[in-house]
Amino acid sequence: MPKTYEEINKKIKNNEAVVLRADEFIELVDKKGLKEAAKEVDVVTTATFGPMCSSGLFINFGHSNPKIKSGGGEAYINEVPAYTGLAAVDLYIGATACQWNDPRNQIHPGKFAYGGAHVIEDLAKGKDVRLKVHAYGTDCYPRKELDTWINIKDLNEAILYNPRNCYQNYNAAVNLSKKTIYTYMGTLKPSGENITYSSAGQLSPLLKDPLYKTIGIGTRIWLAGAQGYISWYGTQHNPNAERNNKDIPTGGAGTLAVVGNLKEMDAEYLRGTSMQGYGATLTVGIGVPIPLLDEEVAKYAAIKDEDISAPIVDYGNDYPICKSSDLGHVTYAELKSGKIKFKGKEVQTSSLSSYNKALEIAEKLKQEIKQGKFLLSRPAQLFPSSDTDKTQKPLNYKEPKKEIFQ
Amino acid sequence: MRNKLVLKFPQSLLDKPIISTVVKRFDLDFNILHAQTKPEGLLILEISGTDENYNAAIKYLENLKVNMQPLSKDIIRDENKCTNCSACIPHCPTQSLFIEDRKTMKVGFDPEKCIACEACIPVCPYKAMSLKL
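In the order they appear, the protein sequences are chains L and R. The first sequence begins at 693 in our numbering and counts up by one. The second sequence begins at 269 in our numbering and counts up by one.
A hint or two may mislead.
Derived lysine to aspartate or glutamate pairs resembling EDC-like cross-links, with alpha carbons at most 16 Å apart [said to hold, decoys possible]: (1) L/Lys1028 x R/Glu386; (2) R/Lys349 x L/Asp999; (3) R/Lys371 x L/Glu732; (4) R/Lys371 x L/Glu988; (5) L/Lys1031 x R/Asp342; (6) L/Lys938 x L/Glu988; (7) L/Lys803 x R/Glu368; (8) L/Lys1031 x R/Asp369; (9) L/Lys991 x L/Asp814.
With beta-carbon atoms standing in for the labels, derived distance ranges [unchecked claim]: (10) L/His800 x R/Asp378: 24 to 34 Å; (11) R/Lys400 x L/Asn843: 23 to 33 Å; (12) R/Lys400 x L/Asn848: 36 to 46 Å; (13) L/Ser1029 x R/Glu320: 12 to 22 Å; (14) L/Glu771 x R/Cys385: 46 to 56 Å; (15) L/Tyr697 x R/Lys400: 51 to 61 Å; (16) R/Gln363 x L/Ser883: 17 to 27 Å; (17) R/Gln304 x L/Gly764: 48 to 58 Å; (18) R/Lys306 x L/Lys1094: 18 to 28 Å; (19) R/Thr362 x L/Asp1079: 49 to 59 Å.
Hint data in this document are derived by calculation from the structure and do not stem from the laboratory. Virtual Cβ for every residue (Gly too), placed ideally from N, Cα, C.
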């Protein structure tokens, strides 16, 4: 019998909801069958914890006396440039921004020890960070320079806004070139010596609701320990990516844009991350509850690692030039075993996202729901799914006229 | 007796053939795991021989004021920084970094197997691995 959001929330408020982590739900379905399990369980919790480059923070640092208009000027937090193209004292600092004096890849591979992501983690930890602003000065905002320590507790707002998180499935990366390469998929040894992946597989939110039947705009989520929201579908959301016979995308597909209050977040689940030779990024912990509204939603929530596969992509030759690799697919069950057979030899596999942390988050969200602290929200609007024409397009390159460069 | 040792040499000893003396005089086998002369003289050795010879060699080195410590302490994992992602595992040549349990995918670290090659340090995105000498 189908359940409604209202019925499930009523049970949550009465501490009567039956909540399982996605991995536990899989076991229950194996034991009792889908019909019985779908009836018994109200909510399945999913989660992921991995590097998500399209992440960043809006802050409003308050008006100084005399006033300064950072908009149109320059701003740095711990020497990391922040985007100023907003109103007077609003800034956006992106995860991948480097300190202005970072050598980046001039000494290859660069370390990227401190970037925007690390500023966000430091703020979340309650550390003081140094804000410097250079402005042009106006009649109403006469100040031209500001150099001060700021702390999250003094900021008017600190709103994490990540335009692309939680990729629904991803590539498995290999390097078939002759030299070691440094990528966002980690350090890849030459000649296909290791394979890396980055998904929580059977725990990952969008893989447990592959056609976006419950996850949509306005869904309340667990965002680094706070209650945040899905604000939109994420950039590069591509519901029309190839899918297998269980409707699971066989490569990158849907994405989420998420928002939440950094002041309520736990820095344990928001980590400044340094990818050798690639850059700084933010590792974000996200949990998404899936209400088992009917048997179909439950069927998808019970999908296993064995049913989810990632395409093997050669980052040494093909990826940089948008070429598809045609190296086959590998399931997350195989990837998680630590080694796979590839091109006739045994190759070590490892992950960039942490399944272990994802389990921890799915458990935390489960406990919050069971204790009545986390209610589910019905999406205000569902995402474009595979029945729409939304796709991800490459750049339509138009060669500028030569005189521009003369 | 078989042991992995980190040896630090004071400036005054850098031009002396200390290890070859130790090997000849005390009949020990050794395997060089790491060697450097800058910024200070540092050798990581796996030494093996009879207990008596091993202990005599250690005494000899102590008298020369060579600083010694067992290697196992040297690569340190900061448990608070480690996220158990497993990015380090394919880069560890001795499997001292490994998956403890495939159900939880928790990453284990066995300092006994570690040869302090430092391969894990730059590949860790969270700077959880560090060298303490």
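Verdict for R/Lys400, L/Asn848 (Cβ pair) under range 36 to 46 Å: 42 Å, holds
Pair hint L/Lys1031 and R/Asp342, alpha-carbon separation not exceeding 16 Å: The hint is violated at about 29 Å.
Distance restraint hint 51 to 61 Å, applied to the beta-carbon atoms of L/Tyr697 and R/Lys400: Cβ of L/Tyr697 to Cβ of R/Lys400: about 53 Å, so the range 51 to 61 Å holds.
Pair hint L/Lys1028 and R/Glu386, alpha-carbon separation not exceeding 16 Å: 25 Å, violated
Pairwise hint evaluation, L/Glu988 against R/Lys371, where the allowed Cα distance is 16 Å at most: 26 Å, violated
Cβ separation of L/Glu771 and R/Cys385, checked against the hinted range 46 to 56 Å: Roughly 33 Å apart at Cβ, these two residues miss the hinted range, so it is violated.
Satisfaction of hint between R/Glu368 and L/Lys803, Cα-Cα up to 16 Å: At roughly 28 Å apart (the allowed maximum being 16 Å), R/Glu368 and L/Lys803 break the hint.
Supplied distance hint 18 to 28 Å, evaluated on CB atoms of R/Lys306 and L/Lys1094: Since the Cβ atoms of R/Lys306 and L/Lys1094 sit about 52 Å apart, the hinted range of 18 to 28 Å is violated.
Distance restraint between R/Lys371 and L/Glu732, which requires alpha-carbon spacing of 16 Å or less: 24 Å, violated
Restraint status (C-alpha distance of L/Lys1031 to R/Asp369 at most 16 Å): 14 Å, holds
Cβ distance range 24 to 34 Å for L/His800 and R/Asp378, holds or violated: Hint holds: Cβ distance 32 Å, inside 24 to 34 Å.
Range hint compliance [Cβ, R/Lys400 to L/Asn843, 23 to 33 Å]: Holds: the Cβ-Cβ distance is about 32 Å, inside 23 to 33 Å.
Violated hints for the displayed structure, listed by number in ascending order: 1, 2, 3, 4, 5, 7, 9, 13, 14, 18.
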